Amino acid sequence: MRRASVSSAAWLVFTRDLTLAWRRWDEVAQPLIFYVVVTTLFPLATTPELAQLRTISGGVVWVAALLSSLLALESLFRSDVEDGTMEQWVLSGQPLGWLLLAKVACHWVLTGLPLVVMAPIVGTALGLPYEAWGTLVLSLLLGTATLSILGGIGAALTVGVRRGSVLLSLLVLPLAMPLLIFGSRAVSMAMDGDSPAGPLQLLAAIFFMVLSLGPLAMSAAIRISVES
Amino acid sequence: MWNWLHKFASPPHAYRLLGKLAPWFGWSSLALILLATWWGLVEAPMDYQQKDAFRILYVHAPSAWMSMFTYVMMAVAAGIGLIWRIKLAHAAAAAAAPIGASFTFLALATGSIWGKPMWGTWWVWDARLTSELILLFLYLGYMALRSSFDDPQRADRASAVLAIVGVINVPIIHYSVEWWSTLHQPASVTKLDKPSIALEMLYPLFMMIVGFQLFFGWALSRRLRGEILRRERNATWLKDVS
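Residue numbers (the working numbering), protein chains in the order written: chain A, 13 to 240; chain B, 24 to 265.
Hints listed in this document are in silico derivations from the structure and should not be mistaken for laboratory results. Source: prediction; values computed, not measured. We treat Cβ as the ideally placed atom computed from N, Cα and C, and that holds for glycine. Treat the hints with care, since some could be wrong.
Reference listing, derived: stretches of chain B covered by chain A, where coverage requires no fewer than 3 residues with Cβ under 8 angstroms from a Cβ of chain A [to be verified]: (1) 155 to 168; (2) 180 to 191.
Going by beta-carbon spacing under 7 angstroms, a handful of chain B positions derived as facing chain A [claimed, not checked]: (3) Ser171; (4) Thr205; (5) Leu222; (6) Tyr226.
Working from the sequences, and respecting the hints, build out all of it.
Below is the structure:
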């Protein structure tokens with residue numbers, strides 16, 4: 013049998029997941045709805061004054077994005093491990109890290125990207141000025157992508173665990189704290205009229221580090237979950 | 024060297040060796056900690072700015088140091104266990120985690136008690152306190168992951184991956200929190216934290232750190248022995264020991 017190249021195998025995984033997601037699009041929409049609902053809670057809990065909301069708007073959008081991308085992570089590898097697909101991938105001879113990265117990339121397109129697109133709308137509702145839009149979108153682009161890979165490591169570790177969703181948040185949130193710091197800092201710097209280049213570059217640096225080392229950790233974790 | 028390593032890594036040998044080492048660690052740490060306590064609380068001069076309140080440093084700084092040392096040691100042990108498949112290394116990581124979490128908690132508690140007279144509040148979002156708090160979360164996550172598996176081998180290997188991911192992240196978390204707090208706070212708060220310390224104050228601190236390190240050795244030997252007993256409860260060599 014002809015063996016597929018790495019890129020075509022990864023592409024197959026990506027398109028397969030995309031197709032699966034389209035057939036259950038309501039599941040894809042749920043984190044997005046959660047995102048909007050959570051951001052609505054903040055004005056209700058604090059104050060409807062836009063002037064005051066403005067000061068925390070960047071942070072609120074970031075925290076809500078962090079939480080709602082965690083929400084979708086738990087099921088990332090579960091069904092594939094349960095029906096044996098993952099075992100076949102491990103045995104297929106393809107580099108497992110690439111396949112998992114393709115899966116995570118698809119997950120990001122389905123859950124991370126909508127959050128990024130939604131962010132300016134939600135931010136504006138909280139009084140975020142137009143000048144900060146670009147920074148918010150850019151910081152969330154880098155941040156949600158990094159978070160998807162970090163969360164992929166967590167999901168791979170907890171895939172065989174009962175009630176793994178709470179555990180997953182416990183594992184991933186402390187690791188995601190630097191993203192939150194740099195991301196919301198970049199937004200508030202842009203709101204003050206400063207150049208947000210510093211924190212954005214740090215976010216990009218973390219993204220590339222996680223992108224290079226993350227697949228190794230993910231495939232190690234999946235092998236542990238599948239083999240034993 | 025490999026022969027020696029394999030001999031040490033065998034549970035019966037390690038069990039006996041740790042049993043012999045534990046009293047040495049225990050008594051020497053007790054002696055050093057008592058001596059350093061007396062030296063630090065009675066002999067060392069008073070701080071001109073913080074008066075006697077600074078003396079909590081002799082508990083706070085060693086436990087903060089040990090909290091980080093233990094995490095790195097745990098990650099190194101987990102890495103050794105993962106790469107060379109040495110079960111004893113996994114057991115050492117498992118035994119070290121609760122000790123490290125306790126040191127972290129102690130550092131947080133003493134930091135908060137120290138903060139009350141110095142800053143006027145129990146908690147300040149100071150960079151060191153915050154990164155210490157995140158370190159505590161990392162410990163708790165590690166222990167939660169370990170305890171959620173029924174199969175001990177899987178628990179060992181999965182938590183080893185987490186420990187290694189965590190230890191790569193610790194410096195990033197530390198520097199990001201440092202940067203975050205310097206931007207948000209007046210410098211006067213952090214200035215109190217690193218005074219140019221007098222030598223008479225420093226000697227008992229060093230002694231205390233060595234004492235804490237030996238205490239860690241004692242606690243780890245005891246816990247590791249317990250961990251070996253738990254894992255090898257069906258092994259035949261245990262009958263000869265008891």
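Structure-based check of all given hints:
| no. | hint | result |
| --- | --- | --- |
| 1 | 155 to 168 | holds (count 7) |
| 2 | 180 to 191 | holds (count 8) |
| 3 | Ser171 | 5 angstroms, holds |
| 4 | Thr205 | 12 angstroms, violated |
| 5 | Leu222 | 37 angstroms, violated |
| 6 | Tyr226 | 36 angstroms, violated |
Comparing the model with each numbered hint stated earlier shows that hints 4, 5 and 6 do not hold.
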